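Student: Chain Z is already provided as a structure; the job is to place chain H on it using the hints.
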Amino acid sequence: MNREMSGSQKFWQIVASVAIIVYTVVPLLWILNMSLKSTADRADGKFWAHNPTLENYQLIFTGGAKDLFLPALRNSIVVAIAATLIAVILATFCAYAIARLDFPGKRLILGTALTVSFFPVISLVTPLFDLWRRIHLFDTIPGLILPYLVLTLPLSIWTLSAFFQQIPWEMEQAAQVDGATSWEAFRKVIVPLAAPGVFTTAIIAFFTAWNDFVFAMSLTSDHARTVPAALAFFTGASQFESPTGAICAAGVVVTIPVVLLVLFFQRQIVSGLTSGAVKG
Amino acid sequence: MSTRTVENHLSDRARDERRLGWRLAGPAFVIMILVTFYPILQAVYTSLFKYRLTDPDQREFVFLRNYGIILTDPLWWRAFGTTTLITVVTVVVELVLGFAIALAMEKVIYGRGLLRTIVLIPYSIITVVSAFSWFYAFATDTGFVDPLLNKLSFGLFPADFDWFGGFWSAMVPICISEIWKTTPFMSLLLLAGLTQIDSAMEEAAVVDGATWGERLRKVILPNMKSQIMVALLFRTLDAFRIFDNIFIMTAGSHDTSSLSLVAYNQTISRTEVGLGSAVSVLLFCCVVIIAMIFVKGFRVDLAGGRK
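Chains as they are written, first to last, in UniProt numbering: chain Z, 1 to 280; chain H, 1 to 307.
Warning: the hint list may mix true and false statements.
[Said to hold, decoys possible] Calculated cross-link-like contacts (lysine-lysine; reagent style DSSO-like; alpha-carbon spacing at most 27 Å):
1. H:K107 to Z:K10
2. H:K296 to H:K218
3. H:K225 to H:K296
4. Z:K106 to H:K296
5. Z:K46 to H:K107
I should point out that these hints are in silico values taken from the structure, not numbers from a laboratory.
Quick caveat: nothing in here was measured; it's all calculated off a predicted structure.
Here chain Z stands alone, though its shape is the one from the complex (with noise of 0.2 Å):
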């Protein structure tokens, strides 16, 4: 549309961007200050820190909640990795199937993944609690991979069959026929060209399982805690006078580095998000 703005228009386009990104912006800006703020200001009832202090993240990264938070920290990176990998490398092949070789069962698979990823996920809470404990796989890092799967795999299989459904296959057997051998062909045109897309659903996937509260909540006590689970009990924890610091600090910390991986891949993310969902 190129219609030119009148003034108005302009002045309402920037109000309403405004008022959307403030909207957006001040429950992180919040817990930033928050994580900022002294015990002694935290009741200050103002927004931004005046004295901002780093004491809450050493509490954290070398003080009293230290024990806490960095193994769950690490049990969190080493859960999500490995539920994503897992996951994306098993939908690879299964995306790769169901966008180009014919098969029966296509519908069934991509049905049954949109089924699974619309499970309640407490529901296998229970099942899996009672199981995970007779074979002892509760409170353990595999024992958490495999059900965040249940997350990870269908959202995964939807978004790389989106993907793969558009590229343009055809030009493999092009390069093959312009003397590339199918090997070459494959690293230098299809590589390529689904890069994007399997990195793009490795993200969300990431995401998804970074996110996980209930069966972190569920099925670790000790030992293979996530973060999420892990900043619920900073609660019940009271090495320290009050974890409110502590849990503001330890949020950011893992907010941040998500934060910044979105707005680095915001397009590929937007296209992999709406693609997995609709497919316009």
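Tutor: Chain H in isolation, oriented as in the chain Z frame:
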């Protein structure tokens, strides 16, 4: 019989392709089945027993009695009401808000890239962290909401209002946190629908002198109905499983428990695996019914959106 003859007619190549197809897709499919359908069947079975984890020898077959206990317990119905309330409120607000944001993302010319990027921030924050952020914002001691409302209302609003001290007031931060966190997803789905609308159709409506409201009702909404329905389905099912926000903010006090929280408390806190399984199965049935209402009642065609 007929399939066999068809199979014989298949060329070797086609048969190879079928085999390869299942070999590639099979592992993902099998794992999906194993980690979801097996546990849910196990839950159905376990729900027929009186079974407490701390007391496994007392396990006793009670058939449907667990379901009877739950369905006659006001606790279940209160949680059902709370969950439904949260689902309806958050989904409706998200639809309106998400639509407004999607419109802004489509129409705004200055800073569109910034807008589209920043809108993803809530999506990338862990739900628990978002819950804590809103919790501390509304808390009487640490929060800025009470002082702010107090100042804006010239002292009419109490400066130390306890949001988490009652059901209705606690619903406010719970719903806000849920809405804040998931609106980006809604608006992205709606934006995908908006950009699909033929702009020539809108231009034509403008030329014909249609007001903005008429364009919205007669051109924009009807043309993105399927995207709206899919977005509603996704968000309704997601909101119905709400757990994180309530757990962090109130842990279910003042009847704010959702169904997910009830299931969690039965199994994990009280180790009543039999009753917990029955709650899980009932919750699963609720989700299936909601999905059926959408798919059959509103004719949401999930596969139809795809090529």
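Student: Which of the listed hints are not met by the structure?
Tutor: Violated hint (a single one): 5; every other hint is consistent with the structure.
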